[in-house]
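A.B. asks: Using the sequences provided together with the hints, build the complete structure.
Chains as they are written, first to last, in the working numbering: chain A, 82 to 635; chain B, 414 to 545; chain C, 3 to 319.
I should point out that these hints are in silico values taken from the structure, not numbers from a laboratory.
Worth double-checking, as some hints may not be accurate.
Simulated pairs of lysine-lysine, DSSO-like, Cα-Cα distance not exceeding 27 Å [claimed, not checked]:
id, chain 1, residue 1, chain 2, residue 2
1, C, Lys-32, B, Lys-418
2, C, Lys-284, B, Lys-418
3, A, Lys-552, B, Lys-535
4, B, Lys-417, C, Lys-4
5, A, Lys-559, B, Lys-488
6, B, Lys-418, A, Lys-632
Negatives, chain C to chain A, calculated, CB over 10 Å [said to hold, decoys possible]:
id, residue
7, Lys-4
8, Val-7
9, Asn-27
10, Phe-88
11, Ile-93
12, Arg-128
13, Glu-129
14, Ala-204
15, Arg-219
16, Glu-235
17, Ala-254
18, Val-269
19, Ser-304
20, Ala-305
21, Ile-312
Note that this is a predicted model, so its numbers are computed, not measured.
Cβ atoms here follow ideal geometry from the backbone N, Cα and C, with glycine treated the same way.
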Amino acid sequence: MDNSQKMSTLKKRLEEWQDQVSTMAERPVSFNTISGVPVKQLYSPLDVDKFDYEKDLGLPGSYPYTRGVQDNMYRGRYWTMRQFSGFGDAFDSNRRYRYLLEQGQTGLSVAFDLPTIMGYDSDHERSLGEVGRCGVAIDSLEDMETLFDQIPLDRVTTSMTINGPAAILWCMYLANAENHGVSLRQVGGTIQNDILKEYIAQKSWIFPPVPSMRLITDIFSFATDHVPKWNTISISGYHIREAGSTAVQELAFTLADGFAYIEAGIAAGLNVDTFAPRLSFFFNAHLDFFEEICKYRAARRIWSRHLKERYGAKDPRSLKLRFHTQTAGCSLTAQEPENNIVRTALEALSAVLGGTQSLHTNSMDEVLALPTEKAVTIALRTQQIIAHESGVANTIDPLAGSYYVEALTTQMEAEAEVYFDRIEQLGGVLKAIDCGFFQQEIADAAYLYQLAVERQERIIVGVNRFNSDEKPQIELLKIDPDVEFKQVEKLSKLRKKRDNNAVSSALSELKVTAATNENLIPKILAAVKCYTTEGEIVAALKEVFGVYKEKPLF
Amino acid sequence: MTSKKIRVLVAKPGLDGHDRGARVVARALRDAGMEVIYTGLHQTPEQVAETALQEDVDVVGLSILSGTHMTLVPKIKRLLVDNSMKDVLLVVGGIIPEEDAMVLINEGYADQVFTPGDALEKICSYITGHFT
Amino acid sequence: MKQLVEELLKGNRRAAARLITLVENEDRQKTELLQAIYPHTGNAYVVGITGAPGAGKSSLVDQLLQEIRAEGLSVGIIAVDPTSPFSGGAILGDRIRMQDHALDQEVFIRSMGTRGSLGGLSRSTREAIQVLDAFGKDLILVETVGVGQSEVDIVRTADTTIVLLTPASGDSVQTLKAGIMEIADLFVINKADLPGTERTVAEINMMLDMKNSASWRPAVIPTVSIRGEGIEELWTALKEHRLYLETSGQLAEVRLQRVRRELTEQVEYLVKNRVWAEVKDKFVLEELIEKIARREKDPYSSACELLDSINFFESKS
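C.D. replies: Here it is, written out as structure tokens:
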């Protein structure tokens, strides 16, 4: 029998089987993925009949990178275990970082408090009650020095979750490294710096889109010349998903943002191969196990195809989609929080099977407060157990060839392409943000999801099924309310002791440059070096750039 | 003749941008027949209280996920009282530990606190129940 | 109630808010209340802003507020959003764009749901304007739902009507209903940084040139409201239109017509309520309706019979 004969025989048998099975009762729940994609009872070679191994998968480390971006993946070394953390003042967080490094964590990931994220100093009236709450409070280079005290910046890489004021915090990090004798060519790390997803989902914006994009291309260009090991952007689907999107929306919107940054870099006169290799991604790991794995695989394939075919990238490094993963905060439940350990383990496993480059596992108590040291340790141990005990890292992309996984990967790629076309029709990402396209799609998905939970079409253990009335009995981390007071005091001392003439001339130079097309990074670097605060720099830039206001969409 | 509708202010005080909950709740309240006024993100307590006054709402719903509830809720309650709106129903939603929720309710700063996992139906019927 | 009105006249914001709620809820005291404030109205200048959803009405109002406040005028804003016909609920989100002005004591913003009205305003918008007028606001800006369906309400309500378009609607300028061309005292082409702006401006000017009937020729002003561009020009044009209305005597004429219409409507409203109340007392309407449906009777003579039965025609003579 030749292949087509085999296939038609199989087709016939499957149809008979289907007839038989369709008369059998099924459990009364939705068999869709968590994103609402219908899942068949059975996948077979018929679902992958157009599949071409060379074209669609290839080998790890080679085009189209579906199986992974490194040649030997986890056989060479594990993913970076990078727990996102930060709270209180720089001193508190520094202690937590050193603890995590001692426990075997291999990279740092800084969470800033909301005033820092929004570009306000700790003593600003809008910072009231927020200082050091959701992350560490950083106002000036002085705080950055404390934050990385006794941490070897030439060996440890640091990821900083900062967007609107990314350039400023990055400059503080660089200035601190230089002061410790580490050259800019040596320092490695990542800034999130993804402003598009702020307008779309995370809503921590400062400036309007156009000047924000200019700051980003300034960073691309400065890093290319001076900080070559730095990942200048971490294009984030995480927050899009947390805001309630489906997996396909997360995939499509994130990659669309990625293409927009590529286009912005090219429009700013940069050669795509000079900055594309430093772009990285950040995805969410939600609970639908296979859908998540397929999402990561599809993401790599789409990125490499577009970079090669649409943007003419030649350097293989430009074609590789490297990504960080965080397990889904929105999947955690306040009810029976210990169950979150299991959820997180499953999510982490999907990220590993999907070939992530680094991973944050959430702590069980994050739905209630910032994590305690015990909860963080369990979360880190979860990754270590997956790595060292489960055996899943022994072979590369172990689920490749599964009819279901390959069919779903291809389907997600196709659905993402449909979104790319729609975004294109709307005039690109910025225009689509302006008319509220993404925001509306996500709001609708979030509402539908919630309704499905309320109708019990989707079961959440301990919440809408198998629930007990017991109140959670776990210890929560308390943030010392004195942190705010101490931070404000420290800041007022700084404002007295620094060279205030240098500060004001740095600020006026900054404003002048902001109004031109000249790269702003050297000016920001000069300003942070004389201890100009983050809030002062942001306020100066607001004068030139203006501020963004959100769209009323529901 | 009267055609009263329950007017609810859904507000996001503080600096956190997590508005998924606020927006989902706003839609649910609308679908339950209420008029929902949404302030948008990043509101100061003063803005929230003044908006409640101008819009003459029956309910103020605060969504806070940044851990600042113990600072912001009492402040907003005090400003509402100053605006002669002490009777307005004040509900809070967000990441709020049980212990803090008890303090907010017992001290009279909030009438009710909802946390992740609470059903939309529960929130809607709590509000409508209060006005029937 | 009397106290509320007194407080309103003293400038109490809480009283203004309460009174708007009372008129909006069709409170039993509504008529009495409107009577009490009427002598204190007629001082505010009312500007209507209409245009398709997404054209940027709220951002424009936000920006315009800065110009108006810079001249020291006090402002009331009524922002109307649609009420869901299914649930009767609404999400009123227009003020999101205006929250920078929330703490300005001279600015009062009120969001209203249409609550079943189809004309672009809510049923009680005009009454809410009266409250803000008596409250002492110099200028009242009314932002319509912007359905683009029926804009009659706003013209009847506002002294100046601004129609907001975007270049994206450029293709459809030709197909815009003549109605919208008629009602505009000023055209604003918002989002004028988008391609197609010049063409849209030219097309509108061409259409205005063709109809050259009125003595006021609406200005066409490009703006980029998110950047504040063109707002100063808009404010100047708005003041020019007001000056034109005042000096030409048209403002007095328009307002006289408005009073005439309000009186007529009020009479019709009272008559209607009175007649129906009496008719419903005496008749089982459903029976009559069924008879008409079966063609045993006709609606024309039936109506006369109904009114006869309550001696309507006699009381008239």
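A.B. asks: Confirm or reject each hint.
C.D. replies: Hints and how they fare:
About 16 Å separates the Cα atoms of Lys-32 (chain C) and Lys-418 (chain B), which keeps this hinted pair within 27 Å; it holds. Annotation: proposed proximity of Lys-284 (chain C) to Lys-418 (chain B) is violated, straight-line Cα distance about 32 Å (limit 27 Å). As the CA atoms of Lys-552 (chain A) and Lys-535 (chain B) are separated by approximately 18 Å, the hinted pair is consistent with the 27 Å bound. Distance check on the hinted pair: Lys-417 (chain B) and Lys-4 (chain C) sit about 21 Å apart at the alpha-carbon level, within 27 Å; holds.
Restraint check: the Cα-Cα separation between Lys-559 (chain A) and Lys-488 (chain B) comes to about 21 Å, which is no more than 27 Å; the hinted pair holds. Straight-line distance between C-alpha atoms of Lys-418 (chain B) and Lys-632 (chain A) comes to about 25 Å, which keeps the hinted pair within the 27 Å bound. At roughly 38 Å from the closest C-beta of chain A, the C-beta of Lys-4 (chain C) stays outside 10 Å, upholding its exclusion from the interface. Every Cβ of chain A is farther than 10 Å from the Cβ of Val-7 (chain C); the closest lies at roughly 33 Å, confirming the non-interface assignment.
Remark: the non-interface label on Asn-27 (chain C) is consistent with the geometry, its nearest Cβ contact in chain A lying 24 Å away (cut-off 10 Å). Non-interface status of Phe-88 (chain C) relative to chain A is upheld: no Cβ of that chain comes within 10 Å, the nearest being about 15 Å off. The beta carbon of Ile-93 (chain C) sits about 5 Å from the closest Cβ of chain A, which is not more than 10 Å, so the claim that it is off the interface is violated. Distance to chain A confirms Arg-128 (chain C) as a non-interface residue, since its nearest Cβ pair spans about 24 Å, more than 10 Å.
Interface exclusion of Glu-129 (chain C) from chain A stands, the closest Cβ pair being 25 Å apart, more than 10 Å. Under the 10 Å C-beta cut-off, the non-interface status given to Ala-204 (chain C) relative to chain A holds; the minimum distance is some 22 Å. With a cut of 10 Å on Cβ distances, Arg-219 (chain C) stays outside the contact zone with chain A, its closest approach being about 32 Å. The beta carbon of Glu-235 (chain C) is kept farther than 10 Å from every beta carbon of chain A, the shortest such distance being approximately 19 Å.
The non-interface label for Ala-254 (chain C) is consistent with chain A: the shortest C-beta to C-beta separation is roughly 38 Å, beyond 10 Å. Every CB of chain A is more than 10 Å from the CB of Val-269 (chain C) (nearest about 39 Å), matching its label as outside the interface. No beta-carbon of chain A is positioned within 10 Å of the beta-carbon of Ser-304 (chain C); the least distance is around 47 Å. The Cβ of Ala-305 (chain C) sits about 45 Å from the closest Cβ of chain A, beyond the 10 Å cut-off, so the non-interface label holds.
In this structure Ile-312 (chain C) is separated from chain A by more than 10 Å, as the shortest Cβ-Cβ distance comes to about 48 Å.
The earlier numbered hints that this structure contradicts are 2 and 11.
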